[in-house]
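Those protein sequence lines, which keep their order, are chains A and B.
Residues 2 to 168 in my numbering are what the first sequence lists, from first letter to last.
Residues 31 to 213 in my numbering are what the second sequence lists, from first letter to last.
If you are wondering where the hints come from, they were derived from the structure by calculation, not from laboratory data.
Note that the Cβ used here is the ideal one computed from N, Cα and C, for glycine as well.
Be aware that one or more of the hints could be misleading.
Pairs of lysine-lysine residues, derived as DSS-like cross-links and limited to a Cα-Cα distance of at most 27 Å, are as follows [as the list claims (entries may be wrong)]:
| hint | chain 1 | residue 1 | chain 2 | residue 2 |
| --- | --- | --- | --- | --- |
| 1 | A | Lys67 | B | Lys140 |
| 2 | A | Lys50 | A | Lys166 |
| 3 | A | Lys112 | B | Lys140 |
Chain A is nowhere near these chain B residues, computed Cβ spacing over 12 Å in every case [said to hold, decoys possible]:
| hint | residue |
| --- | --- |
| 4 | Leu82 |
| 5 | Leu89 |
| 6 | Leu123 |
Per the computed footprint, the stretches of chain B lying under chain A, defined by three or more beta-carbons under 8 Å from a beta-carbon of chain A, are [as the list claims (entries may be wrong)]:
| hint | segment |
| --- | --- |
| 7 | 184-195 |
| 8 | 201-207 |
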Amino acid sequence: MATSFRQTKLLSIVSSQLNSAACLRNIHCTAACLKNCAARIRVAKGDYKPVTYEQAYHPHHIGHRKGWLSQHTSNLHGEDGAAERVVEDVFIRRFMYGTFHGCLADEVVIKRRGNLLVICAVMIQKLLPSKFYFLIGYTEELLSHFYKCLVKIEMQTVEEKMVYKYL
Amino acid sequence: MAACVSSVRSVRVLSKIIHGHFLPAAAVQHQASSSRWLHWTRGSALSPEVSLTEEPDALYQELSVRVKGHDRAVLDSYEFFATLAARELGLTLERAFEPRKHTEKLTLLKSVHIFKKHRVQYESRTHQRCIQMSRVTGSTARVYLEYIQRNLPEGVAMEVTKTSVEKIPEHIQKPLWTDCTLE
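Start from the sequences and build out the full structure, keeping to the hints where you can.
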């Protein structure tokens, strides 16, 4: 009984001391960004893999050798809504990748003009044109009901993927 | 920049938009003369929409359009387009200049867990352009701004500042000390 009482007394002393200034520790958090990993395709050993223009240039070339994949005004100084646009963009890209599975030649470009959402995509001629038209109509209808704004898809088809270089 | 006018010109406004061709508003100087100018373009199939109002038109001392974007080339071409449109519509272009670009820099940790010494820097640049026009009427400004805004490229934001000209309120038109007699 005496030992347990002593233990509880020690515990109370320790806990009270933990709250004093000498024992406090601050947690410092910053976002960790994979600057040296994200959106970079590196040279690998073995077979050469084909790489498009978009994939060949690294993110620090945006604005100099590459354009922007998603064009909206929320990242400008003094404008808000960046987080919502990012979430919408991610959803749209996944939706396009899933609906036109295996047909996308390059990344989807998303442009926002007022109330209009324009999705520009380059496709490989894998499906019949009638099937492409159906999928375009389906995507436009579904996304316009989902986002409550006008959605237009501008599509261009290519025979095969455009290879810029081999890494 | 005087913001007060002693006499108000009541202006009859006639603005017409035919087939995508925008015309400047024709203003009548005096109320007494009832002549109205009508501008017709080359014959079009669609019937023209003419709106006529009796209320006086707003007058703007200065119309300032500021555009912001990430890409300087896009803003260059948009400035060329806006100045060309202003010149065609007969607006007096005061000046078109480029305010300093704004850069937002973030310094973050490169790694998820430790390695405090290794950081990563990101930056986001916002370029700007400002086009200022002076002595514009309200209907002209509305037409011009609608045309400009319909053709705004994606990824570009616009801010419009209008400085309007108002009549001096009646209660401060005459100084108080003229009414009171000096003792």
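Results of checking the hints against the structure:
no. : hint                : result
1   : A:Lys67 x B:Lys140  : 24 Å, holds
2   : A:Lys50 x A:Lys166  : 9 Å, holds
3   : A:Lys112 x B:Lys140 : 30 Å, violated
4   : Leu82               : 30 Å, holds
5   : Leu89               : 29 Å, holds
6   : Leu123              : 25 Å, holds
7   : 184-195             : holds (count 4)
8   : 201-207             : violated (count 0)
Hint compliance for this structure: hints 3 and 8 are broken, all remaining hints hold.
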